[in-house]
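If you're matching them up, the sequences are chains A and B in order.
Here the numbering used here is used: position 1 in the first sequence is 125, and no number is missing along the way.
Here the numbering used here is used: position 65 in the second sequence is 546, and no number is missing along the way.
It cannot be assumed that every hint is accurate.
Derived DSBU-like pairs: lysine-lysine, alpha-carbon spacing no greater than 30 Å straight-line [claimed, not checked]:
1. Lys521(B) <-> Lys535(B)
2. Lys521(B) <-> Lys146(A)
3. Lys146(A) <-> Lys182(A)
4. Lys592(B) <-> Lys146(A)
No wet-lab data here; the hints were simulated from the structure.
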Amino acid sequence: MQGGIANTERLAIFVLDSNRMKAGGVHWRAFLPGDDHERSFFRTDNLPADEIAAIGQKEVGDPNGRQIRGWAELAAQNVIDAPPLHAIPSEPPPRHGVIVDWPAEIHERNKLAMILADVAIKRAWPQTASPLSAA
Amino acid sequence: MSAVPHFLDTSTVVYVSAEVFSPRRWWGVPPIDRVGDVLKAAGNNTVNVSDATKHAARALLLLVSERPAPQITIEDTGEISFEWYRDNHHVAVLTVDGQNIRWAAMLDRSKPVSGMEPFANFLPAAALAAIDAAA
Numbered sequence: 125m126q127g128g129i130a131n132t133e134r135l136a137i138f139v140l141d142s143n144r145m146k147a148g149g150v151h152w153r154a155f156l157p158g159d160d161h162e163r164s165f166f167r168t169d170n171l172p173a174d175e176i177a178a179i180g181q182k183e184v185g186d187p188n189g190r191q192i193r194g195w196a197e198l199a200a201q202n203v204i205d206a207p208p209l210h211a212i213p214s215e216p217p218p219r220h221g222v223i224v225d226w227p228a229e230i231h232e233r234n235k236l237a238m239i240l241a242d243v244a245i246k247r248a249w250p251q252t253a254s255p256l257s258a259a
Numbered sequence: 482m483s484a485v486p487h488f489l490d491t492s493t494v495v496y497v498s499a500e501v502f503s504p505r506r507w508w509g510v511p512p513i514d515r516v517g518d519v520l521k522a523a524g525n526n527t528v529n530v531s532d533a534t535k536h537a538a539r540a541l542l543l544l545v546s547e548r549p550a551p552q553i554t555i556e557d558t559g560e561i562s563f564e565w566y567r568d569n570h571h572v573a574v575l576t577v578d579g580q581n582i583r584w585a586a587m588l589d590r591s592k593p594v595s596g597m598e599p600f601a602n603f604l605p606a607a608a609l610a611a612i613d614a615a616a
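The following block holds chain A by itself, in its conformation from the complex:
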């Protein structure tokens, strides 16, 4: 557990740029920290996809005047597996947290973002219909 976040917790990093939503995953640049040296996420355990999307739109999309394109889903353990990064709670808003302790060197930050992207699961929103669900 890190800072109150269980290692098994699911985390969502919301994406606003469609060009970050690649066919096989969320582009690594979506995981890079901002000017505040933090990468924002929301804790999504026990939430269905439509509630996760609603949180993303309210807390990330609306403040930027944009529609969310989806999110990258990680386990908190994935952040632990990318030292020196840590995932810590940072509320308000509810369920909000940040990935901190990014290195100063750009190539080291890029590598860590790639490591997270390598294991993250892409969740597009709106969800596309599964062929199996066709009537």
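We have chain A; now place chain B onto it with these hints.
Frame of chain A, contents of chain B only:
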């Protein structure tokens, strides 16, 4: 002094500007400068990009000219990055700042690499290997 030969009717004489035959007109196609194009497109976001960085970026682009063309990005730090992206498991980014070359890459699933060396107009073997894994 008249430019019209006295034995010709002016209606049958065609004056042709010497400019038409200027070598510049036929062979003066400006060379492609992808770094320059990206800098131009970035506009005011390039104020902190040094001349040394621009020179290094152009030199790097020449060094990789036999490989697929990378995506060029002007970083907020004033550095210039070159990215080869196949998917999140095969990606390489090289970054120059006029003094050093830095790289970060995912050579395959769970195979991240990174490094930094002074940039002396040649590519480190590790950086080349990273490009080849992603391109």
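- Message: What's the verdict on Lys592(B) and Lys146(A), does the C-alpha distance respect the 30 Å limit or exceed it?
- Response: Holds - the C-alpha atoms of Lys146(A) and Lys592(B) are around 20 Å apart, at most 30 Å.
- Query: Within a Cα-Cα threshold of 30 Å, do Lys521(B) and Lys146(A) meet the stated pairing?
  - Reply: With Cα atoms ~27 Å apart, Lys521(B) and Lys146(A) stay inside 30 Å; holds.
- Can the restraint linking Lys146(A) and Lys182(A) be considered satisfied, given a maximum Cα separation of 30 Å? Holds. Lys146(A) to Lys182(A) sits at ~23 Å (cutoff 30 Å).
- CA of Lys521(B) to CA of Lys535(B), is that 30 Å or under? holds, 12 Å
No hint from the list above goes unmet by this structure.
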